[in-house]
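Given the structure of chain A, go ahead and fit chain B onto it with the hints provided.
Number of protein chains: 2
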Amino acid sequence: MPVNLSAPDPQALHPIAGVTLGTAQAGIRKPGRKDLLVIRLDDGARAAAVFTQNRFCAAPVIVAREHLASTSAVRALVVNTGNANAGTGGPGLAAARATCDALAKLLECSPAQVLPFSTGVIMEPLPVDRVTAGLPQCLRNLGPNAWADAAEAIMTTDTVPKAASGRFRVGGADIGITGIAKGAGMIRPNMATMLGFVATDARVAGPLLQQAVREAAGRSFNCITVDGDTSTNDSFVLIASGRARMPEIADAKSAEYAAFRNAVIDISERLAQAIIRDGEGATKFITVRVEGGRDESECRQVAYAVAHSPLVKTAFFASDPNLGRILAAVGYAGVTDLDVGKVDLYLDDVLVAKGGGRHAGYEEADGQRVMKQSEITVRIVLARGDAGASVWTCDLSHDYVSINADYRS
Amino acid sequence: MPVNLSAPDPQALHPIAGVTLGTAQAGIRKPGRKDLLVIRLDDGARAAAVFTQNRFCAAPVIVAREHLASTSAVRALVVNTGNANAGTGGPGLAAARATCDALAKLLECSPAQVLPFSTGVIMEPLPVDRVTAGLPQCLRNLGPNAWADAAEAIMTTDTVPKAASGRFRVGGADIGITGIAKGAGMIRPNMATMLGFVATDARVAGPLLQQAVREAAGRSFNCITVDGDTSTNDSFVLIASGRARMPEIADAKSAEYAAFRNAVIDISERLAQAIIRDGEGATKFITVRVEGGRDESECRQVAYAVAHSPLVKTAFFASDPNLGRILAAVGYAGVTDLDVGKVDLYLDDVLVAKGGGRHAGYEEADGQRVMKQSEITVRIVLARGDAGASVWTCDLSHDYVSINADYRS
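Chains as they are written, first to last, in my numbering: chain A, 1 to 409; chain B, 1 to 409.
Please keep in mind that the hints were generated in silico from the structure rather than gathered at the bench.
It is possible that some hints are incorrect.
Identical copies go unnamed one by one, so any copy, or any two together, can satisfy a pair.
[As the list claims (entries may be wrong)] Under the rule of at most 35 Å between Cα atoms (straight-line distance), these lysine-lysine pairs were calculated in the DSBU-like manner:
#, residue 1, residue 2
1, Lys105, Lys372
2, Lys342, Lys372
3, Lys354, Lys105
4, Lys372, Lys253
5, Lys372, Lys354
6, Lys354, Lys253
7, Lys30, Lys342
8, Lys253, Lys342
9, Lys105, Lys30
10, Lys253, Lys105
11, Lys354, Lys30
12, Lys30, Lys372
13, Lys342, Lys354
14, Lys30, Lys253
In this text, all values refer to a predicted model and were calculated from it rather than measured experimentally.
With the rest of the complex left out, here is chain A (with noise of 0.2 Å):
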């Protein structure tokens, strides 16, 4: 069951100018149910990316990134589920060149076009003849109102499709922006999350969606963590199809750019956040928040140090406040000089600790009240400096154990 957390209204997700979508049934893994999606961006498109800094990167996302770096004209993306292609070797660099090949074919562009995606189990041969042959199909429904079937059609474990919508003004202009995203495990981004795809129809210049992808995903996708597992097929994907009647935004520090990133950091937080409240097994969305750090990088590792720890993870599960695990996980979370002394923790608006030790005015009730909660947020007060870093994750359940130890079953 996610945390608060329900299917997105098609209704409310707006269509974008210039992409349309369209999925297949292509029994990729299992049969009877949507596991392949196509989006086709219309000329004058751009797309800009950010994958995963896994070393075993998957063969798509090797190729993704060739392609991105050959062209700025993409215009397509070819998504599949039911399978990684990732520890696949050349077979699997191969087969995601076919996937590639078979669309530009029948889309009448070049391979390097295309921009492949994949996810679902690791070093398992892609079935990429099904997976060819399922493109027609997509192509056969593409459409500017399919985001609630892409959103469906890219989920794994995921419980619910994940998509958000929004609009934003630039000079006059009212802009839209829509995205999708799946993830429920494997989840500890680095740079980017397994899988977000984003579009607006600003127009945007290269180098600034570029820095927009980068900068939303460092605010986003790049603060949440489910299992600590950072995946070998995360990609997330920024595109503006520059359809709107607008001046090219082409300046970082212009007003117009600030709106485009706020509304693109914003619709990126809201899918992130709702990959957490689908975490696998997840009972409750949980806000690690480290202020008064000497940088942002400690804040980070410590709030990923409490957010990783599996105590504190199964003590959210029980609505134990056995809140002295937050503090030994402070403690190793590798701030080597850092004064536990001065160290404050929160629970919401309840101080447990002060200086490092219980606080003599917390009552363990007022504790067990917060710990109850669907919504918690742990504040970590370091007091050594004007820093700050959030991390969004989850608890650990038994159902977490369950769908993964049954996951290819």
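Frame of chain A, contents of chain B only:
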């Protein structure tokens, strides 16, 4: 259920001349169980120790460090379970000192000659009155054959007590060595584990005793992980009573030191592996061996990434050869210039992945056969150097979640 581990046979634990042990039921957290231990050292004994690197180290760790720095003539160790006396600030420090004061008074020595140790719940006040009230009972029970009792008195979530004993020869003298340890969760020791005590009747110079305790920790307790959570209370103490008829070992390059060190490492490894076999919820004992690295440090880094991955650990629990998860963990371990195209992966004798991809001859039935075993070796060959390292861990089961969700209830 621990993995191939049964309670030690008290008859098989050699007494160590100059060392006596006594336990009590002090009712520290719950009544009706042994929860307090005194280890008494006769004149002439030396002790050396390593402690947790957690910045939130517990009050007894701070006091034990101070006492070891101020005297070489330790006369007693006092260990309570049921309360970690960590995250307890000034009152916690006072409680640890009061415990030493009380025992010193009974033993007619100075408080600095007493080392305190605590294990249990973090951030709850230590009921120091119950500790000091239990000390006379410990002293009445003092005896040389109480090692099994002592192992029992320091348990928390352990399901079986952990002890090991051996003999070795130094220059014609027959020397005994016996140790106990506890720990099942919050296990990723950094310089030591929570808690280990090893005693020998060898005569060893102080600096060499300290060297041996560090070397043994590095080869045993520092190579294990259950959940990646480094405890606030990890302590590993090596005691040499000096009662054996032998010249003092004082040369780090001598054959005598080598024999001594190997005996300490052997006992420490057996205790460390016993902790993993009794890891919270463990159903499998897993050795992660990384070879062909540039240095031991990067091998250990990769081994820990695999050993900490919840996805890898749940796959072991399910006996599911979903082995791409191991490659993913190797990829995100942080070896930034790793050429994954050279990485081989073995499961026991089965070659699973060769050159970064699924081995052509790999059959899932072979992986399945190994995954069903209760003892499994994962071997990862990086093919970039001659260094190697091993880490021991267990799987992640429903029982880990249950045990830690219900720990305080």
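Is the C-alpha distance from Lys30 to Lys372 at most 35 Å within one copy, between copies, in both cases, or in neither?
-> between (38 Å within a copy, 26 Å between copies)
Could you place Lys30 and Lys342 in one of the four classes (within, between, both, neither) given a Cα distance threshold of 35 Å?
-> Close across copies (32 Å), not inside one copy (54 Å); limit 35 Å.
Is it within a copy, between copies, both, or neither that the alpha carbon of Lys372 lies no farther than 35 Å from that of Lys253?
-> For Lys372 and Lys253, neither the intra-copy (44 Å) nor the inter-copy (59 Å) Cα distance is at most 35 Å.
What label fits Lys342 with Lys354 when the C-alpha limit is 35 Å: within, between, both, or neither?
-> within (7 Å within a copy, 50 Å between copies)
Tell me, please, which holds for Lys253 and Lys342 at an alpha-carbon limit of 35 Å: within, between, both or neither?
-> neither (39 Å within a copy, 45 Å between copies)
Indicate which option fits the pair Lys253, Lys105 if close means a Cα-Cα distance not exceeding 35 Å: within, between, both or neither.
-> neither (41 Å within a copy, 72 Å between copies)
Quick one: Lys354 to Lys105, C-alpha cut-off 35 Å, is that within a copy, between copies, both, or neither?
-> between (65 Å within a copy, 34 Å between copies)
Lys372 and Lys354: within-copy, between-copy, both or neither at 35 Å Cα | Within one copy, since 22 Å is at most 35 Å while 48 Å is not.
Could you figure out if Lys105 and Lys30 sit no more than 35 Å apart (CA to CA) within one copy, between two copies, both or neither?
-> Close inside one copy (27 Å), not across copies (73 Å); limit 35 Å.
When no copy is specified for Lys105 and Lys372, does a C-alpha distance of 35 Å or less occur within a copy, between copies, both, or neither?
-> neither (55 Å within a copy, 46 Å between copies)
Alpha-carbon proximity between Lys342 and Lys372, which holds within one copy, between copies, both or neither at 35 Å = within (28 Å within a copy, 49 Å between copies)
Is the C-alpha distance from Lys30 to Lys253 at most 35 Å within one copy, between copies, in both cases, or in neither?
-> Cα proximity of Lys30 and Lys253: none, with 49 Å in one copy and 64 Å across.
Violation of the numbered hints given earlier is confined to hints 1, 4, 6, 8, 10 and 14; the remaining hints are satisfied by the structure.
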